[in-house]
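Using the sequences and the hints given, assemble the complete structure.
Chains as they are written, first to last, in the working numbering: chain A, 4 to 218; chain B, 507 to 844.
Quick caveat, the hints were computed from the structure, so don't treat them as lab data. Any given hint might turn out to be false.
[Unchecked claim] Restraint ranges, calculated between C-beta atoms of paired labels, are given here:
#1 B:Phe611 <-> A:Arg187: 54 to 62 Å
#2 A:Thr65 <-> B:Glu668: 46 to 54 Å
#3 B:Arg667 <-> A:Glu128: 54 to 62 Å
#4 B:Asp800 <-> A:Glu128: 49 to 57 Å
#5 B:Glu668 <-> A:Asp105: 42 to 50 Å
#6 B:Phe552 <-> A:Lys126: 30 to 38 Å
#7 B:Asp800 <-> A:Phe130: 53 to 61 Å
#8 B:Glu593 <-> A:Val41: 40 to 48 Å
#9 B:Ala571 <-> A:Lys126: 30 to 38 Å
#10 B:Pro665 <-> A:Gln8: 24 to 32 Å
#11 B:Ala568 <-> A:His141: 13 to 21 Å
#12 B:Ala735 <-> A:Ala198: 24 to 32 Å
#13 A:Thr65 <-> B:Asp800: 38 to 46 Å
Just so it is clear, CB atoms sit at the ideal spot from N, CA and C, and this is done for glycine as well.
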Amino acid sequence: MERHQTTRNLCLVGLTALLTVHFLMTFAVTLPPTPLTVEYGKAIDSWIYPYFSQSWSFFAPTPPTEDNFVIAQYRYKSSSGAIVESPWINLSRTLNEAAQRDRLSSLAIVQATVSSAYCGLVKSEIFKDGKLDEKLLHDRISSNRQPPALHTLERAAMSCYRITSFKGAPVSVRIGILDHKFPRFTQRYKPDDEAANNTELPFPFVPFESVAPFD
Amino acid sequence: MSFFRNIAHRLSAASQSMSVARRQLGVAIVRIVFGGVTAVLYGLHFPQRQFLWGSDAVVTPADTATILSATHSWTLYSLFPSPLGGECLYWLGLIVSLLFAAGLFVRVTPLLFFVLTWSLYQRNAFALDGGDNLLLILTIYLMFADLSALSLDRLLFGPRREKNFAWLSGMLHNFAVTACLLQLAILYFDAGFYKIQGHVWSSGTAIYYILRSNLFALPGWGDYIWRSAALVTIGTYGTILFEIMHPFLMWHRRLKYLIFSGAVVLHAGIGLLMGLVWFSLTMIGAHAILFDDDEYLRLLKFMRAVYGNLNQAFRRPLVMESHTFDPTAAAEANPSAG
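Structure, rendered in structure tokens:
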């Protein structure tokens with residue numbers, strides 16, 4: 004009986020120690036870097052990743068203060084055989100409006116995929132200090148090693164081609180980033196001019212690929 | 507010596523107490539919500555499964571492999587990359603989610619549920635949001651919990667009978683519950699901690715920018731909020747206050763009700779106004795673990811009483827009876843009135 008109780012006590016102590024260590028590690032990985040986490044970063048990462056990886060800085064420290072749209076432009080073969088360049092299509096706005104019309108829309112996950120891929124793109128190795136490294140980008144595209152986030156956005160655009168009004172076999176596509184600054188809080192009563200306060204960053208054209216339809 | 511004997515005695519009392527599984531109903535509700543939300547995900551996106559997770563998906567298998575290599579992760583969809591393999595995994599994931607929600611074979615389904623849901627999200631990591639992240643982490647902890655309450659297992663096979671290791675099962679369950687609670691505490695602490703460092707949050711205008719952004723706007727509803735300085739300020743500071751208070755008040759016997767109410771309001775608002783419906787459901791569902799079994803049973807008793815009263819009120823007909831006063835009958839009925 005006493006041995007049984009000793010086993011129980013040891014289990015309690017062991018599990019408490021395990022829980023304590025685990026949550027100290029979890030706490031360390033979720034907070035900003037500290038001298039302790041820099042010193043023991045490898046040990047903490049090997050404990051936490053991949054199963055307990057987490058980040059809870061929802062819209063913080065800075066929430067989105069401008070609109071970041073993913074836009075797409077297509078080159079397609081017209082009926083006469085000529086290659087036509089389409090105007091820019093705002094993919095993000097189309098998906099956002101679908102989600103606004105129906106909060107349970109199945110397109111919400113497509114919207115989330117595009118939005119996350121955009122975030123992944125601007126954090127990828129082709130952006131240095133917020134600026135696009137064009138040389139690195141061209142090197143990556145020519146060797147077919149563009150960042151997964153960029154390739155995902157290109158493929159999302161390819162999948163959306165079939166719902167555009169363009170008639171013709173698609174040849175290539177390029178995506179772009181359109182940043183739009185809407186009125187600041189102190190000027191919130193001003194209407195939002197969609198054509199104003201925009202910065203665009205186009206990416207090179209890439210050949211069309213086979214992608215499953217998104218709807 | 508008496509000091510050590512005292513410690514040993516307290517340790518024995520603690521281990522006895524921790525050997526009895528608690529909050530089984532709360533944990534069961536979390537199981538039902540997580541399984542249900544994931545099953546809905548599979549069902550809702552069934553027509554899009556090829557686009558999101560198939561062999562010809564928006565994220566190519568090669569890109570998934572690149573991401574997995576960087577994150578030291580894995581997915582069963584890489585092990586079975588063919589269209590048939592992907593289709594089988596998808597159907598298996600849907601079936602297992604339903605079994606998990608219903609509580610069938612609860613000793614096995616939590617692990618299967620984790621493996622298949624993990625695989626799904628790792629196949630397309632861009633589709634993963636904060637709610638899915640919490641769901642996966644809590645599922646790992648719940649693998650060590652007793653999920654048999656409110657389950658088909660209990661209905662079909664009766665209560666679980668542990669022979670020699672009931673105490674270990676109880677202890678693991680209680681530690682799993684504690685882990686879930688600590689995870690919730692860390693989540694909200696971090697969320698609040700990062701917010702107070704942001705200028706837009708501390709100036710009380712963050713809600714305006716979030717609701718005005720095209721990604722999270724809801725025309726006609728969100729406009730009403732972001733146009734109002736009062737609502738923007740209350741919403742911004744209210745969110746920070748709630749998230750900072752949450753990890754501390756959630757342990758209090760009475761104040762946790764306030765935290766739960768706050769969580770429902772905050773996440774319902776996020777779900778409706780910002781379109782993050784499934785994220786919000788997952789977050790609200792996770793809070794079911796805050797309450798112990800007695801509290802759920804009291805709630806059930808209260809709801810039964812309310813239902814009983816309503817039932818009676820609607821059944822009893824309203825009849826105006828004519829009545830003539832009979833003094834003799836009245837005197838016989840009440841002799842003391844004299």
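Which numbered hints turn out to be false for this structure?
Hint 9 alone not satisfied by this model.
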